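Enquirer: For reference, the chains in residue letters:
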Amino acid sequence: MNSFTKGLRAFVTARETGILLALVIVIAAATIKNPTFLFSSDGFRDLLLTPSILLLLAVGQAIVIITRNVDLSVGSVLGLTAYLTGRLFIDVPGIPIIVVFLIGIVFGGLLGLINGALVAFAKVPALVITLGTLYAYRGINVVWTGSDRINSSDMPKEFLGLGTQSILFIPVLTIIAVVVLIVAAWYLRNRRAGRELYAIGSDPDAANLYGLKVTQRLLVAFVLSGALAGLAGVLYAARYGTVNSQAGTGFELQAVGAAVIGGVAIFGGSGSVWGAAIGAYLLLTINRALPILGVQDFWQRFVVGILIIGAIVLDRVLALRQAKRLTVARNI
Amino acid sequence: MSNSTEPPALELSRIAKAFGAVIALTNGTLQLRKNSIHALVGENGAGKSTLVKIIAGLYQRDTGEFLLEGESVDFSSTAQSKAAGIAVIYQEPTLFPDLSVTENIFMGRQPTRSLGRIDRKLMREEAIGLFSRLGVRIDPDRLTLGLSIADQQIIEIAKAISLDAKVLVMDEPTAALSGVEVERLFTVARSLRDEGRALLFISHRFDEVFDLCDTVTVMRDGAYIATSPIADTTVEQIVRQMVGRDVSALFPKEEAVIGDDVLVVEGLSQPGVFHDVSFAVKSGEIVALAGLVGAGRSEIARAVFGVDPYSSGTVRINGAKVPRRNPAAAMKLGLALVPEDRRKQGLVLETSVARNTTLAIQRSLAKFGFITDRAENAAARIWDSRLEVKTASLDTEAGTLSGGNQQKVVLAKWLATNPSVLIVDEPTRGIDVGTKAEVHRLLSQLAGEGMAIIMISSELPEVLGMADRVLVVHEGSITAEIDRADATAETVMFAATHSAAEVAR
Amino acid sequence: MTETTSTPRTYRDYAQPLWRRLLVSREGAVIAALVLVVVFAISFVPHFAQPITLTYLLLDITPILLIALPMTLIIITGEIDLSVASTMGLASVTLGVLHQAGMPIPLAGAIALVVGAAAGALNGFLITVVGLPSLAVTIGTLALYRGLAVGLLGTTAVTEFTEFWTDLAKSKIAGTSVPSVVVVILVLAIVFVALLHFTPFGRGIFAIGLSPETARFSGVKVERTKFILFVLSGLISALAGLYYTLRFSSARGDNATGYELQVIAAVLLGGVSIFGGRGSIVGPLGGVFLIGVLASALRLANVTSDVINIITGTLLVASVVATSFLAWFRTKRARPGKKTEILAVAKG
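Protein chains in written order, with this note's numbering: chain R, 61 to 392; chain C, 1034 to 1538; chain A, 11 to 358.
Just so you know, these hints were derived from the structure itself, not from any lab.
Just so it is clear, the structure is predicted and the values come from calculations on it, not from any experiment.
Careful, some of the hints might be misleading.
[To be verified] Derived lysine-lysine pairs resembling DSS-like cross-links, with alpha carbons at most 27 Å apart:
#: 1; chain 1: C; residue 1: 1086; chain 2: R; residue 2: 273
#: 2; chain 1: R; residue 1: 273; chain 2: C; residue 2: 1423
#: 3; chain 1: C; residue 1: 1086; chain 2: C; residue 2: 1286
#: 4; chain 1: C; residue 1: 1086; chain 2: C; residue 2: 1199
#: 5; chain 1: C; residue 1: 1315; chain 2: C; residue 2: 1365
#: 6; chain 1: C; residue 1: 1400; chain 2: A; residue 2: 231
#: 7; chain 1: R; residue 1: 273; chain 2: C; residue 2: 1286
#: 8; chain 1: A; residue 1: 231; chain 2: C; residue 2: 1377
#: 9; chain 1: A; residue 1: 180; chain 2: C; residue 2: 1365
#: 10; chain 1: C; residue 1: 1315; chain 2: C; residue 2: 1286
#: 11; chain 1: R; residue 1: 66; chain 2: R; residue 2: 273
#: 12; chain 1: C; residue 1: 1086; chain 2: C; residue 2: 1067
#: 13; chain 1: C; residue 1: 1067; chain 2: C; residue 2: 1199
#: 14; chain 1: R; residue 1: 183; chain 2: C; residue 2: 1423
#: 15; chain 1: C; residue 1: 1086; chain 2: R; residue 2: 183
#: 16; chain 1: R; residue 1: 66; chain 2: R; residue 2: 183
#: 17; chain 1: R; residue 1: 66; chain 2: C; residue 2: 1154
#: 18; chain 1: A; residue 1: 182; chain 2: R; residue 2: 384
#: 19; chain 1: R; residue 1: 384; chain 2: C; residue 2: 1377
#: 20; chain 1: C; residue 1: 1286; chain 2: C; residue 2: 1423
#: 21; chain 1: C; residue 1: 1365; chain 2: C; residue 2: 1400
#: 22; chain 1: C; residue 1: 1354; chain 2: A; residue 2: 231
#: 23; chain 1: C; residue 1: 1315; chain 2: C; residue 2: 1354
[To be verified] Every beta carbon over 12 Å from chain C, so not counted as near; a handful from chain R, in silico:
#: 24; residue: 81
#: 25; residue: 93
#: 26; residue: 104
#: 27; residue: 126
#: 28; residue: 163
#: 29; residue: 220
#: 30; residue: 249
#: 31; residue: 260
#: 32; residue: 272
#: 33; residue: 300
[What the hints assert, rightly or not] To give an idea of the chain R side of the interface with chain A (calculated C-beta under 8 Å), a few residues:
#: 34; residue: 223
#: 35; residue: 227
#: 36; residue: 359
Glycine residues also receive a C-beta, built at the ideal position from the N, C-alpha and C atoms.
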């Protein structure tokens, strides 16, 4: 078959296409029931806006999962950074917004560096390390916050405006998230370092034998995950205005779920950040669509669970079929 | 022939390497010339693989000289040795299954254009060029997942060429290849040699060494013994150098009383793997399953034992039907399988010798469902001493034993189950000559005591020496059943390389 | 090999004496740490040495102790179960909903246990039959079962339970300050110790964790073993959920959120290797107590209870890093010494 049909077939059978389709169907179903879901300025905006924070987490998570690791600390990093954001505005009056962004990203990156260093140097599984830092970072957050809380009155209007404003009907936060997505996707596809992340996840031993700089790449992956969680924390403060010590709790599992639904294999080596991003959107849009479709919103988590299980069962079935096809092809 | 005034492509001189109290090498010496395929032979434990790992940059030598084209080198990583032009192709290729063949070849050094972007078009074209140079047809876009070992090796060689490797080391490359694939590999190797590269070929198979190589170096017990041009030496001479003594009567098959059918297999089939396999084994018999690697013999054995599935056919032991896909039931009926891969399928490397020895008899050792370490050790003591396993204590980790002793532990484990039918898959692969003889004596003795034995082996001398009957397998079907009297290298090889219809003629 | 009448070789049972083996083990370290912390707490933390501290400590850590038992076995086989807390919640809600509808607690409790076992069976099915990785599956069922629990009860809670049972959950053994549930824990702990260390089933678990292929080739029923473990995990999680509900007289959809992390942290702290194949029951139980005592002492010392999270997290990371470092150190320590020189001379 020529390269056009090859490309077309790859597109049609791609996981990303499938979940995009699912997303469209969900939006369509909800809109049919209640047109304001999509066709109102608030509805359209919320549709794009709410998942943009999870998108950042999902992209970071995808990068880590591709290397055959996982980062369970991102929820705690988000919470810590969101609180830091508020505190910066309170304690350093007049601080430029861009500086707050930078500090948030760097802070998140440093927290990610701790994870990465322990995983890469101590060779301890990421599951355990990030489980520990999930606890430790959240604990620090709670102790630091005390009984305090950040309120929207503590932060400048321009900053909070970012959380609600739109450019050409697209919310600013969404634009930021999508720009990050495009850069990440480009990097993973086109740069050597990006491809090496896939190699490391596909076969870590082979990666070492190849002479790839595995330690360096792993550090970068975790720093990126942390930095993106940090950025997400700043955006969280802008979006919601109120930050308490529980901000971000449970987000890490949503991020992993989004990535898994988006086709990122839990064993690493395959998947894309596009899929993770669409997965994030699908997850949260379903949550918002459920009440409209007559399902009480208590059932949201249940639906998330079904989606995750469905995604990995599907992955397994497809992988088995592909392996059979590839091995039969050589058994003349 | 190579220019003898030029420095050798690679030269190792009196290399020594120790790991704590374990001395792997006392004198590693090797001179690899350009335009040469050089064989490196030696028993297990002779130090070959340590030497290769030093060449590859995985280990650093303790003392001795390492010269590359006359210049002294010291590699602290595999990346460095690669950059210097050394490529090593291991027994089990290490590729990235989720990535395309092209990406595998160029990983880490993909061609780039502006902004550091990978130039996929150029990469793909280069891959196609490499494949045509090697005379193979592989789709450059396909994932490495599912490729045969032979194809994976070709990818590794393509990698080496694209790195313009001056030295190529091939470590037991033919272990998992069929005859056709071996020929393809040898053609490629010869063309690489003619291009001016130096190849190092490590193998246990003397027929291949004599077919492909021009020089042979023998090692024994971590030290260099001798180097000779192939034309000036013989197999016997090499074996003597490897073992250090004359080896006679390697296969002492005793006479045994042959009784009734114990194992009867009828019409066993699994699509794509084996087809309509039927045979019977009597007590006291040693039946060999001969054939080329990849013919399906291990698959048949695993299916009979129950580890692998089969779609139709029956297996009976002493008349009782053996359930499909149920090793525990097969074991209860008296079947035992010593698997092909002793490290991954025969042993739990990270646990003790005692635990390994008793792994298959746990249930019978248990009293009222409970089992103690003491009971385990007592049973292990009996069986390990019977097989003369060399270990300091019963709680030594099995992974630290030598290959020969590991195989003895696996044998002890299965003999402890008191089987009536014993299947051994490549019983002497990767073992030193001395232990080999012990294993053969053991099998012969067991047959003499009434056990029915199926021996899967790819070594013709072993097959011809040990078997009462030879069943030859070719691409999943039994093509011939040859009695001991009629079995010769020619008859067996013919049946191994032709279909049943052709053999019948 | 010589004739069969030759004298058999002699082997030592163990390379090192018992005391050395015990001392160098992970379990020894955890127990030692526990003793140290207890001594420290008794000496310096006010009110710690009172009986009532012990009572509340035990009441608090009971669910974690219970779930640590099957979790240990699951992690030794190389798998993991992140859905345990959600199963607790699901059992809690089942008990609440059924009891509220008029069913007596023993019956409702029994049904809740069956629900827990079913939840474990679904995990087991997806992992052993469909062949999915346990990390991914139990992340999914964590959401699924929690979602089911929350969906069934919504934002309400069931708080009316027969006094007899709620009292029983909190009761103490006559004349002591030790809660009665400890009896259940002790019995189950003994059962699990026997199962893991003294039965073929248990040895099979270790083999599966270290080398699943060899286990399969040796007649170990790998899939059946794992399936049973996940069902056990679901069952015991449900039991823990019942206890939790009765102790607090409250069935809510979000009961016990986050408990899975506490269990796993304690199990790993107790020396069970995340890679599978190594561990014991004593170590994890010690780990649970260690964290529990620390939490208790901190609370009495008027330190914010959230500090315990920081400590748990750091302890978890530190203990695993230390193990990794020790292993690396042992391999690095291999340097040529006198012995090799002698041998080299002997070889000539």
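Enquirer: A separate judgement is required for each hint: does it hold in the structure or not?
Expert: Evaluation of the provided hints:
no.: 1; hint: C/1086 to R/273; result: holds, 19 Å
no.: 2; hint: R/273 to C/1423; result: violated, 41 Å
no.: 3; hint: C/1086 to C/1286; result: violated, 39 Å
no.: 4; hint: C/1086 to C/1199; result: holds, 17 Å
no.: 5; hint: C/1315 to C/1365; result: holds, 19 Å
no.: 6; hint: C/1400 to A/231; result: holds, 20 Å
no.: 7; hint: R/273 to C/1286; result: violated, 54 Å
no.: 8; hint: A/231 to C/1377; result: holds, 17 Å
no.: 9; hint: A/180 to C/1365; result: violated, 50 Å
no.: 10; hint: C/1315 to C/1286; result: holds, 16 Å
no.: 11; hint: R/66 to R/273; result: violated, 33 Å
no.: 12; hint: C/1086 to C/1067; result: holds, 21 Å
no.: 13; hint: C/1067 to C/1199; result: holds, 8 Å
no.: 14; hint: R/183 to C/1423; result: violated, 34 Å
no.: 15; hint: C/1086 to R/183; result: holds, 23 Å
no.: 16; hint: R/66 to R/183; result: violated, 40 Å
no.: 17; hint: R/66 to C/1154; result: holds, 16 Å
no.: 18; hint: A/182 to R/384; result: violated, 60 Å
no.: 19; hint: R/384 to C/1377; result: holds, 23 Å
no.: 20; hint: C/1286 to C/1423; result: holds, 25 Å
no.: 21; hint: C/1365 to C/1400; result: holds, 17 Å
no.: 22; hint: C/1354 to A/231; result: holds, 20 Å
no.: 23; hint: C/1315 to C/1354; result: holds, 16 Å
no.: 24; hint: 81; result: holds, 24 Å
no.: 25; hint: 93; result: holds, 41 Å
no.: 26; hint: 104; result: holds, 35 Å
no.: 27; hint: 126; result: violated, 9 Å
no.: 28; hint: 163; result: holds, 28 Å
no.: 29; hint: 220; result: holds, 36 Å
no.: 30; hint: 249; result: violated, 8 Å
no.: 31; hint: 260; result: violated, 9 Å
no.: 32; hint: 272; result: violated, 5 Å
no.: 33; hint: 300; result: holds, 37 Å
no.: 34; hint: 223; result: violated, 27 Å
no.: 35; hint: 227; result: violated, 34 Å
no.: 36; hint: 359; result: holds, 4 Å
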